Amino acid sequence: MKTKKILSVLLAAAMMSAMFTGCGGGDSAQTGTNADADADANANSGTQTGDSGNKEASGSGEIKEFTAFFAVPGSEINDDNEIQQMIAEKIGAKVKETWLTGQSAQEAVGTLIAGGEYPDFIDGGDGMAQLYDAGALVALDDYIDKYPNIKEFLTEEEWDRLRQDDGHIYWIQQFGNIYGEEKATTHNDEAFWIQTRVLEWAGYPEVHTMDQYFDLIESYNEANPAMEDGTTNIPYTILCDDWRYFCLENAPQFLDGYPNDGSCIVDPETLTIIDYNTTPTAKRYFQKLNEEFQKGIVDPESFTQTYDEYIAKLSTGRVLGMIDQWWDFAYTVNDSLKQQGLDVKGCNYVPLPITIDEGIKNQWHNSGGTLNVASGIAITTSCKDVEGAMQFINDLLDQEVHDLRFWGVKDVDYNVEESGEFSRTEDMRMQSSDTAYKASHACTYSYFPQYTGTSRDGVNAMKPENQPAEFYDSLSKNVQECFAAYGAETYVDMLGTSEAPGPWYPMYSYSNNMTTATEGGMAWTKMGEIKHEYLPKVVMASDFEGAWEEYMEVYNGCNPQAFVDEMQAELDRRMAEAAKYN
Amino acid sequence: MASQEKKKNITWKEIKKQKVLIIWSLVLVIYGVIFYYLPLAGWAMAFQDYKPKNGLFHSAFVGMDKFKQLFSDASFIRVIRNTLGMGVINLIVTFVMAILFAILLNEVKSNGGKKTVQTISYLPHFLSWIIVTGILHDALSSTGIINELLLKFHILDQPLNFFAHPKFFWPIVAFANVWKETGWNAIIYLSAITAIDPSLYEAANMDGAGRWARIRYVTLPGIKPTIMILLLMNVGNVLNAGFEIQYLLGNGLVQSVSQTIDIYVLKWGISQNDFSIGTAAGIFKSFVSIVLIVIANQIAKKNGEERLF
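Each protein sequence line maps, in turn, to chains A and B.
Per this note's numbering, residue 124 is the first one in the first sequence, and the count goes up by one each step.
Per this note's numbering, residue 4 is the first one in the second sequence, and the count goes up by one each step.
Here chain A stands alone, though its shape is the one from the complex:
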């Protein structure tokens, strides 16, 4: 019997130690060093010589395979994707893309840095500065001139703006680049969105202020508390998950009529930085949200829902309105609404030109591309064939390949009219919004450099959604009616447009890359933490004034002035830089 007892104790000890080893591994994961990464970088750059202007690989029939990681959520395509294969045969290279899942960009990038091994291509998103600091990226300056499409992609001034403090260019910003004439149709930015059924019910009223916006939603919800199938409406929801809490926090800058500098307001007259968190407008905005929360208009789950839950909610068509960025919801939600036939029931979203008071010119939409110099596609030191990788980017910008990426295959995904104009049938549109079809057929290489605007043929748009006729035909009947009622033809017309405010724009490209190494960066991190916790509290509080005072006290305790000062210095630097080109 004694032995049995000892045995059971041993068993217990064995089980526990098994658990211990599982937990102990965590700390040591950080120890990997990559001191020799720099040396590799230099070695790699010399490995491939020869004329890079020619497509050498396609001649030999061998297809090069690269890997890429993008620190943004995205959907992976199938390994045997048809268009990817067509592009590969044309240019002799393909890229296996992976995306962020369930982590923040910084976490994902931090983990890569700790491991010291990278994919060939990377866009670190908010973690781009970390990659640069870690010496993980290859300087591209010497390569750019050899590739005509890449060289042409940005202007000399824009290339200079991408230079880091060591004077080199490490990444190419993929987006916001307009070829030829701009064809703005979609408002790919932030706005107060509302379902067309609400506007239709109210007879398409003019909505210019927050008060009008919420009055409209309230009265609609009172008259129609449920959808046709009996699902109750959610009048207004707020996405607040991790970095996506901009849907809650940055509206005050727009409400005052300023554009999306993202982390602060820039006064264009005096060229000074204003903190939008403490303006009177900010207080009024949150007070309004607080009132609506108490009335039950704001979704009580707003501050605890995850991004997936939020998208699921929007996809059911229950949510009447919210603030969000178009790219953050529309691609998933619109396809889903279309597949369920909810688009013809008025569940699509249109933006409204809302400011805090009447008579302020809104700048929710800016014309012209905005170059976000904070991130872009980069080639890492782990890439064995930098020239081949650059060649791949170069080839993706060929008009023929660009059409394959965004329009698809001729006669399958689009038709060509006699005039040379591209068009799609309703079936083709339906097909292109089907998730399974997209995974097996379409391959946009969506985080590689791309154009909007007019195609090199001078007739078509670079992307279907920018083709005026195609764009308009692809809208649901309700959205078309809604646009007509407001005298608009596009989403952009709903808001009106203004020129980019000045050469500093946008300031978020600087704050996104701040690190805790500086005092201002530290303040910026703390401000984010405090806002994450206190803004929801302020909105939910039964005593708004008290909660706001408490918030302001904590907020001012984290030294936001240090942040403002650093932003001011950057603003001055950018203005001085821009003066060189005038």
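Treat the hints as calculated values from the structure; they're not laboratory data.
Mixed in with the good hints there might be a few duds.
Stated by the list, open to error - Straight line, CA to CA, 25 Å or less: simulated DSS-like cross-link-like pairs of lysine-lysine: (1) A:660 with B:170; (2) A:418 with B:155; (3) A:406 with A:600.
Computed from a predicted model, the values in this text were never measured in an experiment.
Given chain A's structure and the hints, the job is docking chain B onto it.
Positioned in the frame of chain A, the structure of chain B alone reads:
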């Protein structure tokens, strides 16, 4: 005594005889050195201003600066509080529940019923936390089963958003731990109970001991060594209050009570790219764990109970 003295004189002959055994244990020692001790060299990062570009050998040495920074950060103090709070609650609750469950199960006389209950109860252990938190999120949402029930029985007149209130967070975490681990932890106690000499129960029966008395005077003393060993080991584990569950269930509203040391390490070490501060926090955690386990062991030693070393 005599046998002990004999053991001290290790002769070549003896070593030769045990050659194979020694070689095999050396392999394990080497394994331990490589995978447990060599990585500790990374602790040097805590005393440097570590930059991945410069590596471990070329980063500037800053002494105790990172520790000073750590302890002057109010959020780190809060994180320690959360970790200790949740760790202690989890330890007590899961510990008591497992023993209770094992004893109850042992009292079940039908063998088939016992096996079925036991199997079902430890299945949740094999679910990953992401699934458990998904279930929790659904069950506790405003249209979830808990709120539906509370509304039906008129305990509430409005759905309650459990994840919006800091005061519910620790209980939710404790509940999740109990739900997931009770059945699994009870296995150890059940096996310890089966090791108790049945004649003791018979003797107790003879002396007129009822069910309660048998549990009180036979079962509990019988599994006491197991309980002590597990308690000792778990005390050292208190600061491992968890990472996944707090990370996955947390949100802005409850972040002041939800973040643990592990989340802090991830946030500063990986996300903010400050490996030094992350390592410093990790060292602090290991240090406290070792101190706790030594103290618990000393107490056990004093009271003449089972102990680890």
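We went through each hint and held it up to the structure:
Taken as a hint, the residue 660 (chain A) and residue 170 (chain B) pair is honoured in the structure, with Cα atoms around 14 Å apart against an allowance of 25 Å. About 23 Å separates the Cα atoms of residue 418 (chain A) and residue 155 (chain B), which keeps this hinted pair within 25 Å; it holds. As the CA atoms of residue 406 (chain A) and residue 600 (chain A) are separated by approximately 39 Å, the hinted pair breaks the 25 Å bound.
Hint compliance for this structure: hint 3 alone is broken.
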